[in-house]
Structure formats: structure tokens, C-alpha cells
Amino acid sequence: MTSMEMAGFPILSAILMTTVFGLLAIIFIPAERTKLIKQVSLGFATLGLVLCIWLYFAYDHQRGGLQFVERVLWVKSLGIYWFNAVDGINLPMLLLTAVVLFTGIWTMWELENRVKEFFALVFLLVAGVYGVFMSMDLFWIFVWYDVSLFPMYPLIAIWGGTRKEYGAMKLTLYLLAGSALILPAILYLWAQGGANTFDLFELQRIGFSAFDQKLTFVMLYLGFGILAAVWPFHTWSPVGHVAAPTAVSMIHAGVLMKLGAYGILRIAMTLCPEGTAYWSNLMAFLACVGIVYGALVGLAQTDLKYVIGYSSVSHMGIVGLGLATMTVGGINGAVFQMFAHGIMTALFFSSVGYIYDRTHTKIIPELGGLSKTMPIASSFFIIAALAGIGVPLMASFWAELLVFIAAVQVFPVGGVLALAGLIVSALFMLRVVQKTFYGEKNPRWEHIPDVNPFMAVPRIILVSIIVFFGLFPKLMLDIIQGTVIPFASRF
Amino acid sequence: MNSLNTYLIISAFLFSLGLLGVLQRRNLIGMLISVELMLNAANLNFMAFNRFLTPDPVVGQIIALFVMGLAAAEAAIGLSIILALFRKMHSINIERAQKLKG
Amino acid sequence: MDALPRDPVLLATVLGTSLPFLSMAVILIFTRANRQLSSRISVAAIGCSLASALFLLITLRAAPGAIQYQTEWFSSGNFNVAFGYYLDPLSLLMLTIVAVIAFLVQVYSLGYMAGDPGFSRYYAFQSLFAWAMMNMVIAGSLLQLFIFWELVGLASYLLIGFYYEKWSASQAGKKAFVMTRVGDVGFFLGIIILVIGFGNLGIPELNTAGASHSIPQQLITVSALLILCGVIGKSAQFPLLTWLPDAMEGQTPVSALLHSATMVAAGVYMFSRIFPFFSASPEAMTAALAIGTVTMILASTMAMVTYDIKQVWAYSTISQLGLMVMALAAGGYFAGVYHLTTHAGFKALLFLCSGIFIHSFHTNDMRIIGKEGGRRLTIPTVCMTIGALALAGVFPFSGFFSKEAILGVLAAQPGKIWLYAGLIGALLTAYYSFRLIFYIVLPQGGISASSDSGHHEPSHDEEHHGYIFWAMAVPVIILAGLTLILGLFFEHPLQGFISGMLGHGSASVLLVQHTTPEAHGIGHELLLALGVSAGLFGIALAWFEFGRKDSSRTGFLSCFPSIWRLFDLRWFMDIFFRKALDTAVYAGLTSLFTKNDRRIIDGAIDGICFFTEAGGRLFSFLQSGMLQYNLLVMALGAGVAILFFLV
Amino acid sequence: MNDFLLFLPEFSFIIAALVFFVFSLKKTSAPALFHGWALTLAGIGLVVTVAASHQEGMLFFDCYRVDLFSQIFKILLALGTVWVVFSSNELKGIDPRQHAEFYFLVFVCTLAMMMLVSAVELLTIYVSIELSSYSLYLLVSMRRNADQYVETGIKYFMIGVTASALMVFGISLLFGVTHTTYMAKLSETLPNVIRQPAAVIGLLLTLSGFFFKLALFPFHIWAPDVYQGAANQVTAYIATASKMAAAAMIIRFTGLSSAASPDLVKLLIGLSILSMSFGNLVAIIQKDIKRLLAYSSIAHAGYILIGILSMTGRGYASAIYYATAYLIMNYACFMVIMKIAGDGHNLQIKELAGLHKRSPLLALTLMLGLFGLAGIPPTAGFTGKFLVFAAALEKGYLFLVIIGMINATISLYYYLVVIKAAYLLKPVREYAAVPVDTWTRYLSIALIVLMIYLGIFPDQFVSLTEAAARTLF
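Chains as they are written, first to last, in this note's numbering: chain Y, 4 to 494; chain B, 73 to 174; chain G, 172 to 818; chain Z, 40 to 512.
Note that these hints are calculated values from the structure, not bench results.
Every residue, glycine too, gets a C-beta built ideally from N, C-alpha and C.
Treat each hint with caution, since some may be false.
Partial chain G-side listing against chain Y, Cβ under 7 Å, derived [said to hold, decoys possible]: (1) F250; (2) W338; (3) V366; (4) F764; (5) D768; (6) L807.
The calculated lysine-lysine pairs, modelled on DSSO-like cross-linking and capped at a C-alpha distance of 30 Å, are [claimed, not checked]: (7) Y:K38 / Z:K65; (8) Z:K459 / Z:K326; (9) Y:K119 / Z:K465; (10) B:K160 / Z:K65; (11) Y:K167 / Z:K396; (12) Z:K224 / Y:K167; (13) B:K171 / Z:K326; (14) Z:K224 / Z:K389; (15) B:K160 / Z:K396.
In isolation and in its complexed conformation, chain Y is listed as follows:
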């Protein structure tokens, strides 16, 4: 490849820059003008969303492959490239990120405490997320990966709730400990690949010995797996989610957890096909355990956010299972599930956030009968719960269908076990819905107003996305499999 490739207007860098400029803009606004800060943040988020939607339509899924490539040599002596591109795998992720950022910022409209810093940090975080999703250079992927992680600490520790400092410290250290495995693996691959390029696809072309693949794959899998809440490295997730403020939970559970799975898919599985084949049984085993385990543990939780945290563990297990199958269907399902689960969890947390902001509790026994006082707010949660159960015509159903078909084919026992997990997940979701929203009207929450139309908008957007892609999965799956089919053919 030439050192310089620019296909017209660098749309991807532009998307990335919306966050960076948003960050700078916020920094230069005086802290007391909170209203302006919120408007500016929403503006930049909208810009990013628009660009991502444009990208979604502009991407030619007939042709597939990498498009909108931007490739500039960055550091000569190491072979680091500023290399951004989209294909069917990261396009849904970018769209997801944009949507979740947009709705998340809107959800935090009523924030009053240290507004400036909050939105600045959120933009920093999302800059990292965009970067990971669009970059095709190992160096940059890692840089953006870390950039997206460390703002979590202040975000949780300052604006968080239950045991915020503990949760923040645990989450941050745990996730960055994951990168303690990722960086050596990346550098190892770089060194084995001739120590002159970090370009993902050149490395893929070079190829690695079976031993290197096995070694680096497991390192990358564990490193990214921590962020993907692979059992048994999931315990940060409930604690962190419980502590985090609403928008952060949305972004974190909705998008950040996907970074892990995406990293496994994008780096580990791309560079180490043999390693994947070697470790796929482990992946499948952990994923299946995670699916059932997450649901069962969620059954015993009394804190709404804990419940969602564990449901995320369970759902990310499905993603892992899909990846482990190494088949077109499985990976399609996994990527689609990443997208669907992202939107769904965002909806979950935004509704819980609304309830929590009003009632100042998310302990299920203290709540109850909320449907009477805030029917709309609770209906959002219930819809999310139904999506989580895998009710058909919601996006996640298709994803789960694809994953399970592939899983039963490749790992019959694990697949059946995971299917049994569906029963448990239904049980625990409905249990939560019942205990929280049904039952006698609770006098304590009489006075609480329902969601006003303005604050309902982000939730409605999320709901409609879930249903839309539930009704027309083709619109997403065609894009995904345009890339996945060649990808999976290498296994």
C-alpha cells in the first residue's frame, strides 16, 4: 500500500473530530453556563449521529469490504498508520455509538452537578470509542481503547451512586489490567510480523506461526474479554454499572462492552484464525456459562442496575458464543447482537436512570406499583425487558436466533444449555418487571411525575430502533454479512 490514501472527504476522521471539537468547545465554555454546555454537547452529538447515518446509507454493502479508507503514515520508524475505514462489522458499531451518545446526552439533560466536566469527559470517552471502532491500526486501536477506558474513573467516581469510589476504582483498574495483556500481544504480533507495520491488514497478509497465534489469541481474548464481561471476568460490570450515572451506564453497557467483543473479533480473530480455532472451545464454554450464570445470578438481585448488569453478562455471553462458532451465521448473529444489545441496554439504563433520579432508589423491594404513577416511564423499561427476553420482532431476537442456530450446530451441548438460559432470563426479567412496576400503587411515589415528552424523546428513539431492526433485520444483516462471509471463510 502507498503511505498515503485518502478517498475523498475523510468522513471518519470527521466523525471522530465531532467528539474532539465537542470536547474543546466545552472546555472553552465557562462552567456556569450549563444550559449552553448541554446544547453544545447535544449539537456535536447530533452532528456525529448525522454523519454516522449518512455513512450507513453511503456504505455500499453490495461491494462490501473496506470503504472510506483514510491511510496516512504516522510514525515512520515503527510503521504506525493513521488508518481508518469502515466495513460491515464496525459500521453498525459506529451507528450504535452515535445513537447511544446522542440519547445518553439527552438523557442527562437534567444534570446539575459539575456539568462542564461531565460532558467533557463523556466526549473524551466517546472519542475513544469512535476511534477503536473506526481504526484499523493496532497502535491506534490500543490508544483509543485506553482513552475510552480511563474517563470512566472520574465519571463514575464523581457523578456515581452506590459505592461509587469502590466501583470506579475496581472498574478502571480491572479494565486497564486487561490492556496489560493486550499491549504485549499487539507488540508481539508486530515484532513477529517484521516490526515494521501496525497495519491490521498487512499483518493479516503476513500471517503468523501457529504457536504465535495460539499465544497471542489467548492473551487478546482474555484482555478484551474482561471488557466484554466474559465469565468469570465479569464482576466489574454489575458493580460498575450500579455505581455509574445514567448516561455513563448507557454508554458503558451499550457501547463500551462491545469494544471488548469487537476487539476479539477485529484483532484476535482476524490475525489469529488458527488460534481462534484452537481456543474456540474455551470461548464457547465460557460464553455458555456466562449466559446461564448471568441469568441465574440476576434472579437473586434486588438492585435494578445489578439486574441489568447481570443481564448484560448473559447477553454478552450470547455474543461470545456467536463468535466462538466461527461460522457466518454465528458471527452475523454476534455482531447483530452487539448492536441490538447496545440499544436495548441503553434503553434499560435510561429508564432506570429516570426512575432513580425521581425516586432516589433502585432497590426493587422499595419500588413497586410504579406503572400506576409513571406508566410511560415503566413501559419503556418493560419494552426493554421484553427485548431482553428475546421476544420476536425485536432486534435481539434475530441475533439470538442466528447465534443459537450456529451454536447448536457447532457446540450441541453448549447450545442447548444456553437455550435453557432463555427460560431463566425470561423468569428473572418478568420477576423484576412484576416486582418493580406491578402490584399495588406505592404511596411513596404518588407525587412523582411521569416522563415529560421532551425527556421521552431519547427513549422513544431507542424503542423505535429496536422495533425497526426487529421488523427489517435485512437492513442491518446485509451490511454485516457482506463483510462476515469473506471473514468467516478464513476459518
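Position chains B, G and Z relative to chain Y; hints supplied.
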């Protein structure tokens, strides 16, 4: 009797003596003197090597001179610091000074 | 879609099956505030569906074969999912049934639900159900069927838990959803296995493959058994039958529509939908036969002891469903479908009648209703009796014919055991249904004086002429009429219609003659006599115990309290499930895993952190305040390094 | 004349030292005046050093080598000196009557270190080390009215002289084995005789003298006490400038003796692992920020050593890069500390509480500096770690790199504790807002920009360091 090894052994003996002194003496002056012993062991080495091995007769001696000079300066600085310490602690026993730890 | 305007059939199908969805959306999003409008929209939508269903039935009654529309929904790799309609006699018949009953029930609800705060929501859910159910009926592929099958379950969950502030209601909804989910997961797995093994989920393809044995036998058996789980869950067969009686928490019209006539029949429908496929696997058929039998007997015994009207009909629904499953499993395709049809009619009738009673007396207890003068409400009383007669299988009501057909099929089975089971079932059915009738019509010691001048009277009078009353009465009358004619005039047309589908439809013809009652061992007359006598004997027994002037009004079961208790507690099934759930899941796995999560996994993480800090404290001793120790550390370091080199 | 040009940077600092020597003779104390003078002279020194950055040549009978490598480090030294002098505008930690001596010693020490980075002959190295050490001994003991830290000076002195005694003994043995004191010749002859015990002992003892300067485990023991006990400015100086010199010296030494046996590499690997782990672990439990930074500096010595021990051009280049990044980030932290502890007392972590209100800019600077030390992108610290690890993995030291990363994670913990204090903790008592003068504001903004720029656009600087590393062989 007049071989290189004799000198080396002596110097090694001196050096270990000095090291032992530094490690074992609680009296700062004593420690300072022990350090001087170590330096002199080095000097002896230089001279011996210079005398027996190297063709060019100067280097070792020059170094020795330098070391002596620096040792003198060192002693001066050391003593001044010890003096300052003595003013504050009214003792030159190092065991009295172990506040900083951990 | 450009075919839409040019093809009236497709147009009708699409319209009829999607209008309810639109009405739901409209109601939920826009007109929740305006109750009248919401209900009108919903009724209008279902009306259109009814019209289109009838139109389809009439236009396609003589169609040479099944009509199929399909378009690609999406495809992933080599797995293509099609969205399509499959219109053949069976689906058309079922579509009509659903449309008719849904329409009647919604009209009925105009009266029944009048003044309820959740009126609009109720109609939204009703529309959701109608939409899901009709789409399930005409689904072209097993996957599509499963999707709408799940949505029907969702609608049932929402409608059962309609009064969510009532704990028992939400509990029942949850129970219904989860228990059916258990079956559905099996169904799902079956589908997956078919996808993997057969690769095509189209219903006609499956039936052809099943009939022509072009799939490996064990694959058929395994998938058929798994799909049977779905039937068990949805149609409340043994052992997953206890959710249905609890589902009676929902309003009576809901019970009439979902939990007797249509939704629970979905299982049976699906069974008959891929009947040729099922019948390709004898094992599956036998299993189904056994399950159906057990269900039928168990449910009827339970119905004998309860005093709650709706409970009685719920149990009887279960047992009748069991009967249908038996019929199908015994190869009686027509008999099963026919009984499904008639049962839909008279069971809905029964529920709606009892609905009127409950609405006016605000109680479910048949004894109280009887005492307070239930029989003064002539229309429901009469209609309910008609329904009960049909249920008991008395000539000339519809139930009689379908039951006869089923008994015929059962008699054709090698072992006579099934036939006897069927007869016992018929007897018990007649017994418990007339037990109820007599409780209401001939209450002990006549109608209590209190109610003559009681507060109910005036309300009855004005209700008799009120809009509310007629809204409820008219559907009941219509259903009663159907119950009368459906058997008398429609057996043979229906038979021709349905079996015809099997004839020039995909599946084998030999199944057809099974379905005609003449094809079994003992003569038709004898069987007829047996069936009728069983029914009549049951009625007589009921009369003897509950109808006579000076009868005990207790029933012979009260002599055996233990058995009574057994029946009353549903053969301890609920208790068993509860215990199993509590011990295995809550007390067992969940608490175990939770402890593990907190203690071991999370504990390990925190432990690592703790030990790291402890390590810090430990090492910090190297940094003692004593100068010489520090020097020693340094000297030792150098020494060790030197040793490392020299050695 | 050309030789004079080669020596110009050192010469400018000699001038500066002389000026303050004169000042120190008369007993007037005019802190502001001295500070002005010192800043000007240091600035001149920096300019001169930068101007002389592309000089090359040998001096003093080839004992003294001026090349890109040495000049880069001289620039770094001058930069550190300028910064420290800049931050000494309120030098509360030292008796006003001794300010002149303070600046005098700082300049002398800088001069010594500049000679150190250029010295390629053992005696020269020895003399320069001693010169810098002596001035540091005095600087450290200069702290006034700090009775709890009075023992610092003597401890530093004792440990220092012992270490230098070890070193000179080692030098004597090396001299005996190789008959030369020129490192160029040394590196030729050493591989042949490396099996002799005398050679080994000599090499190791000499190295231990260097390691002492770098505060590498187990020769680190002076660092915590000194960092804590010395005046803030002096600590800053030791932590920034003197680290540079030590790093340069070790790079140069190993660069010349790169042919040494694999055992040496093993030893260095061991030392770096020990250093990282020890420093990070013990830093976790510290309360005093300066002491904490002392331990973190021990850990960072380990990281720098990773780059050095890979003994490739890229390795040395990465070490240079790392040292530079470390200088910047470390100074950023110390500047904030010196600002907050205006009266020169020792800052405890909890005193940072509510800093984000008292001075948002300083808080931001501190946070970025600490994140940089922790190796979080997009700061220079991350890129430094990345380069160092890349160099190590090029030689296949996977295990070492994994341990390094785990250590980075551990270190993040205590850095986060400090950041938490600055951003989250509610102050127990209301601290006054920190007065930040304009120049400090500019400087901190410059530091922030520098840290991030070096992190994101490392290309030119990396190629510069690689050019410098090439001059080593």
C-alpha cells in the same frame, strides 16, 4: 612477596574492612573513615595495576591523585553535614536518626 | 408488494392480518385518552379482518390447492428466512374461527369492560392478540409461526396481567409466560434442529418431506418430539397445564378468546398444521397420544371439585384440548380439527355466559350465583345450558358430532385403552359441566329470599334493557346459534373441505380414511350408543347429586376427602413445580452462583488487590529508617549480582 | 576555537555558577533579585545549549565526546534546570541567606551533569559524578527548619559516598583488567575478559555507582528519604535533571559495552523487574506525595532500563524518549506540588482535596502528568512505554513486557488515588485558592500541550532520538 596479588589482596582486605566498617559502625565519623578506607583500597589497586600491568606509567597515579583530592573534598562536605546534624541532634550516633522510613 | 392491488386475495390477507396491528399502534400512541374512539378503532379493525377472512374462505373454498405468498425477510449465510402466507383450508378455517370469536369477544367487551380505566389499553392488547394470532395461523413457515406464536404468548401475558396492581394477576401472567416459555424453548430447539438438519422451514416442504420420508427418521422423531413440547406448553398439556386455570385471573372475555377458544388451541393447530410431518414419526404420535390422554383425565378430575365457574371451564378446556391432541395423535386429522372448531364455539359461549353472571353478581362462585338467582338472567342461562350440552356431547349440538368423530378414531387404535379413556373423559365432562349447570339453575332451597329484594334486582332490570347487557348478550346468542348449527349442518362440508386439503394438499391420502368414523373395529352404532350413553350417564349422575329436590348438593367425591384434596390441589402439580423452582433454582443454583460470584470470583479480585497492598507494606520494610540496614541492602544487592555472575 | 564552541553550553553554566559564587560571598539576601538573575542565566544557558545542539567532536584528549546524544541530554538538563529555577521564585524551603548558594550549587550540579553525559572516560565520569553528587549533598542538607528531615542529608551523603566508593573500586578493577580507562577501548577488550572475576566485579561495581544515580533497585534506598527530606525545589531538581544525567550515563555505558555477555542482560532484566515491582508496590501505601513520587521514580527507572537492556538502536532511542517524557511529566507534577505547597512544606495527598476548585488549571496539569506517569494515552508517557516495550519485544522479552504492563496497572492505582484527592475529595478544612501567576499559567498550558503533542505526534522526536542513538555506536 612483591607480586601484584599481594597488593590486590591487601587492597581487597582494606576494601572489605571499609565496607564492614560502614555497615557496622554507628558513629558517623567512624563511617566516614571507613569510606576513606574503601577509597584508599581503590587507590592501592590503581597504583598496583599501574606499576605491574600498564605500559604507560602515569594513568593510575593520576587517578589516585584525583581520588585523593575528591576524598578530601568529600570528607570536608561530610564533616560539615555531620556538624549540622550534631547541632540539631546533639549526637553523631546514626541510630538516633531514623525518622524517615517506609 | 406491487402485486398487492392486482391480487384481491393477497390484498385481503394483508389487510385482514395487519389492520389489528395498526389499530394497536394507533391506540397506544394516539388515542389512549379517548376510550370510545379506541374501542371503535379496534372493533372496526377486527371487523375488517372478519370480513376479509370470510371473503377468503368463500373465494378459496374450491381452490385447487394451497395458495402461497412469500418474500425474503432476510438471509444470513445460507440460512434464508422468508415471510409469507400459506392459505389452505386448514389455515382459512382457523383464520375464520379466530376472526369470528375475536370479533364477538371484542363486541362483548364493549359491555363487559365498560367504564374500566384501562379500556383503551385493553383494546390495544386485544388488537395485538388478534394480529399475532391471525398471522400465526396463516404463517407460511415454521419460523414465522413460532415468531407469532411467541407474540401471542406475549399478548396473553399482557392480558392476563391486565389488572397488574392485583398481585395474583401479575403472578398468573408471569406463570403463564414462563411455563409456556419452557415448552417454547423446546419448540425453538426443534426448529433449530430442523434448520440444521433439513434446512427448510416451509410448512408444505416439511409436510411433503414428512409424508415422503425424505428426512432421516431420527431427525423427524427428535424434532417432532421437541416441537411437541411447544404444543404441550401452549395448549396446557400435561405436565405444563397448571398455568391455564391461573390465567383465569384475566377478564372473562379474555379467557373466552385466548384461554379457551383460540390461543390455547394454537398448540393443537400447530400439531394439525404439520400433521403429516408429525405422523411420519410413530414415537412422537404415541407420546402425544399418551400426553393427551393423561391431560384429559387429570383436567376433568380437577374440574369436578372446584366451585369457581371459570375454573371449571378452564379445566374442561384443558381436557378438551387433551382430547383434540388424542384425536390428532391417533391419526384423526379431521376429528381433531373438527373438535377444535366446535370447541372454539361452545367454549367461548360458555365463558361469555359465565362472564355475564360474574359481571352481574361480582363473584365466581357458582353456589352464590345460584342462590342469588342466576337463572333470572334467562339468556345466559339458556345459552350456557346449550353450551354445556354441546360440551357433554349431546345430540344435536356441535360437540356431539366432533366427539363422535374422535371416539371413532380412538376406537380405530390398536389398543382399546384409548377408547375407554375417551369414554371416561366424556362421562366426567358431562358430570362436571352439569354439576355447574344444576348449581346455577336449581340452587339448593331455591333462590335465597335476600336476593329477591336484594340490591341486584334493579340493576338486573336496567341491565336487561341496557346497552351494556345487549352488547354482551348478542354475541352469546350468536355463538349459541353457531353451536346449534355447526354440527347439524356443517360436519360433512367441513370434512370434505379439510380432508380435501390433505387429499390434493401435500400429504398422503391414506390419512384421510382414518379420519372417517367408519374405518374402525367396532360398528359405528355401538360407538355412537357408547358415546351418547357416557354423556347422558354423566348428566344423570350430576342430576342425581345436584339437581334433585332433596339431593345433598355435595357430590360423591366429598366422601373421599383425600381424593377431593388431590383433585383440588391439581394433583399437587403446582406445589411440585413451586418446590422444584424454589429448591432447584432459587435456593439451589441462584444462591449458589450468587455466593460464588460475591465470595469466590469477586473475592478473588479484591483479594488480589489486598495482597498487592500487603506486598507494598511488606516491601516497605526494606526501607527501614536505620542507615546501616539501607546500606546493607545496597551492598547485598551488589553482592548477589556479583554472585549471579560468578556462579 | 572550535573546541571552545563545543564546550559552550558547559561554559555558560560555569559563568552562571561563578556569578552566584560572587553573590554568595556578600551576605546580602535578595531572593527576588537572585531569582531574576538565575532565571536569566539559566535561560541563556538553555539557549546556548539548544544553539549548540548540532555540534560534534571530541575534547580533552578524547575524554569528552560531544555528539547529538550528549547534546540532546544537555538540552534536557538545561531545560530541567530552567524549570526548577523558574519554580524557585518562592524558595521558602531554604534560608533566604543561602539562596545564592542554592543557585550556585544548582548550576554547578548542572554543569557536572552536562560533563557527565559527554564523558567517555572513566576518570572523567568519576569526577563529574562526584562533582554533581557533592553539590546535591549540600543542596539536600540545605533545607531549613525541618527538624524531622534533618537526617536526610547525612543519609544521602553516607549512601552516596559508599556507592561512589564501590564504583571507584570497580573502576580500579576494570582498569586493572583492561589497562585502559577509555570506554571505547574498554568495550573492545571487555568482552574478551568478561569471564574473569575481576572484570565482572569491576563492571558490576561500576554499574552500581551509576544505578545509584538512577535510583535503581537495590541502589534506590536514598531516594525516598531524599525526595521527602529535601526542599521541594531540590527534590524537583533531583527528580528531573539528575535522572536525565544518570539515564544518559547508563545508556552511554551499555551502548559502548553492548557486546557484553547475555548474563548482563539477564541481570538488567532482573533489576528492572525488581525496580518496577518494588517501586510500584511500596508507592501504594505512601501518604506524602514527594515520597510517593520517589517510589514511582524508582519504578520508572525500571521502565527506562527495559529500553536500555534491549541494547538495540531502537531500544536506546526509546529510552531517550522515555526519559524526555518522564522529565516533562514529572516536572509537571512537581510544579503543581511546589505551587500548592507555597510555604515549602511537605505536601500530603489529602491536602490536594478540592484542588479542582482551588485551581482548575493546576489540577488538570497534575492529572495529565500523573496519567502520563501511569502511561495512559494520549500522553507522552504512554508513547514512551509503548516504544520501550516495543523495543523489548523486538528482542522477544514478552514476559518482561507483561510484568511491565501489570506494574503499570498497579501504578495506576496510586496515581488515581492522588487524582481522586484532587478531583473528588471534599476538603476537610477550606483551603484558600492557589495563586497562579501568569507565567505559571503559560508554563502549565505549555506542559499540557507538550505532553499531549509528544504523545500523539511522536514521529519527529522519535526519529531524532533514533539519530541520537545511532551516534552511540
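task = With a cut-off of 30 Å on the C-alpha distance, tell me whether B:K171 and Z:K326 pass.
result = holds (15 Å)
task = Using 7 Å as the Cβ threshold, decide whether G:D768 counts as touching chain Y.
result = holds (5 Å)
Satisfaction of the G:F250 interface hint, Cβ to chain Y closer than 7 Å = At about 6 Å, which falls below the 7 Å cut-off, the nearest Cβ of chain Y leaves the hint on G:F250 intact, so it holds.
query = Once the shortest beta carbon distance from G:L807 to chain Y is found, is it less than 7 Å?
reply = violated (31 Å)
request  = Would you check whether G:F764 satisfies its interface hint, that is, whether its CB is within less than 7 Å of any CB in chain Y?
outcome  = holds (5 Å)
ask   = Is the Cα-Cα distance between Y:K119 and Z:K465 30 Å or less?
value = holds (19 Å)
ask   = Is the straight-line distance between the alpha-carbon of Z:K224 and that of Y:K167 30 Å or less?
value = violated (61 Å)
task = Quickly compare the C-alpha distance for Y:K38 and Z:K65 to 30 Å and report which way the hint goes.
result = This hinted pair is violated, its Cα atoms lying about 61 Å apart.
Pair hint B:K160 and Z:K396, alpha-carbon separation not exceeding 30 Å = Given pair B:K160, Z:K396 is violated - Cα atoms ~40 Å apart, limit 30 Å.
request  = For the pair supplied as a hint, Z:K224 and Z:K389, confirm whether the alpha-carbon distance does not exceed 30 Å.
outcome  = With Cα atoms ~54 Å apart, Z:K224 and Z:K389 exceed 30 Å; violated.
Agreement of Y:K167 and Z:K396 with the hint, judged by alpha carbon distance not exceeding 30 Å = This hinted pair holds, its Cα atoms lying about 21 Å apart.
ask   = Are the Cα positions of Z:K459 and Z:K326 separated by 30 Å at most?
value = holds (13 Å)
In this structure, the earlier hints numbered 6, 7, 12, 14, 15 are contradicted, and the remaining ones agree with it.
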